[in-house]
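Here are the chains, one letter per residue:
2 protein chains.
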Amino acid sequence: MRIGQMASEAGVNIQTVRLYERMGLLKEPRRTRAGYRDYSAEATETIRFIKSAQEMGFTLREIKTLVRLRDGGDHPSGGVRNLALSKIDEINQKIARLEMMRDALTRGLENCACKGRPEACLLLKARAQTKQ
Amino acid sequence: MRIGQMASEAGVNIQTVRLYERMGLLKEPRRTRAGYRDYSAEATETIRFIKSAQEMGFTLREIKTLVRLRDGGDHPSGGVRNLALSKIDEINQKIARLEMMRDALTRGLENCACKGRPEACLLLKARAQTKQ
DNA sequence: TTGCACCCTGTACCACGGTATAAAGTCAAG
DNA sequence: CTTGACTTTATACCGTGGTACAGGGTGCAA
Numbered sequence: 001m002r003i004g005q006m007a008s009e010a011g012v013n014i015q016t017v018r019l020y021e022r023m024g025l026l027k028e029p030r031r032t033r034a035g036y037r038d039y040s041a042e043a044t045e046t047i048r049f050i051k052s053a054q055e056m057g058f059t060l061r062e063i064k065t066l067v068r069l070r071d072g073g074d075h076p077s078g079g080v081r082n083l084a085l086s087k088i089d090e091i092n093q094k095i096a097r098l099e100m101m102r103d104a105l106t107r108g109l110e111n112c113a114c115k116g117r118p119e120a121c122l123l124l125k126a127r128a129q130t131k132q
Numbered sequence: 001m002r003i004g005q006m007a008s009e010a011g012v013n014i015q016t017v018r019l020y021e022r023m024g025l026l027k028e029p030r031r032t033r034a035g036y037r038d039y040s041a042e043a044t045e046t047i048r049f050i051k052s053a054q055e056m057g058f059t060l061r062e063i064k065t066l067v068r069l070r071d072g073g074d075h076p077s078g079g080v081r082n083l084a085l086s087k088i089d090e091i092n093q094k095i096a097r098l099e100m101m102r103d104a105l106t107r108g109l110e111n112c113a114c115k116g117r118p119e120a121c122l123l124l125k126a127r128a129q130t131k132q
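Protein sequences, first through last, are from chains A and B.
Take 1 as the starting number for the first sequence in our numbering and just add one per residue.
Take 1 as the starting number for the second sequence in our numbering and just add one per residue.
These are computed hints drawn from the structure, not numbers from a lab.
The beta carbon of each residue, even a glycine, is placed where N, CA and C say it ideally should be.
Take these hints with a grain of salt, some might be off.
Taking lysine to any residue pairs in the SDA-like style, the calculated list, with each CA pair at most 20 Å apart, reads [to be verified]:
| # | chain 1 | residue 1 | chain 2 | residue 2 |
| --- | --- | --- | --- | --- |
| 1 | A | K51 | B | L60 |
| 2 | B | K64 | A | R97 |
| 3 | B | K51 | A | D103 |
| 4 | A | K64 | B | E55 |
| 5 | A | K64 | B | M100 |
| 6 | B | K87 | A | R97 |
| 7 | A | K51 | B | E62 |
| 8 | B | K64 | A | G57 |
| 9 | B | K27 | B | A10 |
| 10 | B | K51 | A | T106 |
| 11 | B | K64 | A | T106 |
| 12 | A | K64 | B | G57 |
| 13 | B | K87 | A | D103 |
| 14 | B | K51 | A | L60 |
Sample of chain A residues lacking proximity to chain B, with all beta carbon distances greater than 12 Å (derived) [stated by the list, open to error]:
| # | residue |
| --- | --- |
| 15 | A7 |
| 16 | S8 |
| 17 | Q15 |
| 18 | T16 |
| 19 | L19 |
| 20 | S40 |
Full structure from sequences and hints, please.
What follows is the structure in structure tokens.
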């Protein structure tokens, strides 16, 4: 699979794929005789992982380590394991903060739009949806 | 409280505070006779909210609306409420994706560093910590 | 009243992530 | 073979968020 199809399946620009490769986020694919990049389906998964991590606020530099960890790391070592654990910790902290932000927004809504009109407040639904 | 103290309490650069004001993220404080900005303690909370939201992957443009919503919006209206609800939804999606990423990392670890040495895997602790 | 720390506005610069363009090669269909 | 869609590398540019600097004013304290 060549770069054009890969990029379009992953939903990114071709230039972006090459950028990620240069930055070491995406491992270099084999090449055809003519020098064209030849990707396996796995690559699109990696790209999607990268975009997802990015939306979670990780930088490309951080994502570089996330990708390595996700792929099983290099050689098993305490260093790799600890790095992964600290990343997992970071993620847990992000989750906790997102929950706080959600509650802050919820409070904002309670103090405003729904004031005196609890029946109009779609909020409880939203909360129920997440506390399930 | 003047901008220097405010910025240092919030942990940001003075220039950053002024930038946020220019971008409409931070409402313009009153001024002293000399034209100095005069902040209340509330402002540092707003700054911290902004930084936190930023680490969660929201852009300043998005955070601008988050801040308005958190502060109780303008005038109560269905529009404001719906916007808040959709932001809450976004946050829930981010949380779900972070959980997926965490699991992906966890799997990466399982396939690698802890292979055959389950007693060395600190992973279960990390998971327990979050599933509590 | 001089010094020093702070503030003001405005402009310029920076890193990051992404994208666009140029100049050249590949390849399959007509 | 030629045409058109695709690829290659390399370079240049852009928006976002942040910061630095210049040139000037404020205010307090020795």
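Hints versus structure:
no., hint, verdict
1, A:K51 to B:L60, "19 Å, holds"
2, B:K64 to A:R97, "18 Å, holds"
3, B:K51 to A:D103, "17 Å, holds"
4, A:K64 to B:E55, "17 Å, holds"
5, A:K64 to B:M100, "17 Å, holds"
6, B:K87 to A:R97, "15 Å, holds"
7, A:K51 to B:E62, "18 Å, holds"
8, B:K64 to A:G57, "17 Å, holds"
9, B:K27 to B:A10, "16 Å, holds"
10, B:K51 to A:T106, "19 Å, holds"
11, B:K64 to A:T106, "16 Å, holds"
12, A:K64 to B:G57, "17 Å, holds"
13, B:K87 to A:D103, "11 Å, holds"
14, B:K51 to A:L60, "19 Å, holds"
15, A7, "21 Å, holds"
16, S8, "22 Å, holds"
17, Q15, "21 Å, holds"
18, T16, "17 Å, holds"
19, L19, "19 Å, holds"
20, S40, "18 Å, holds"
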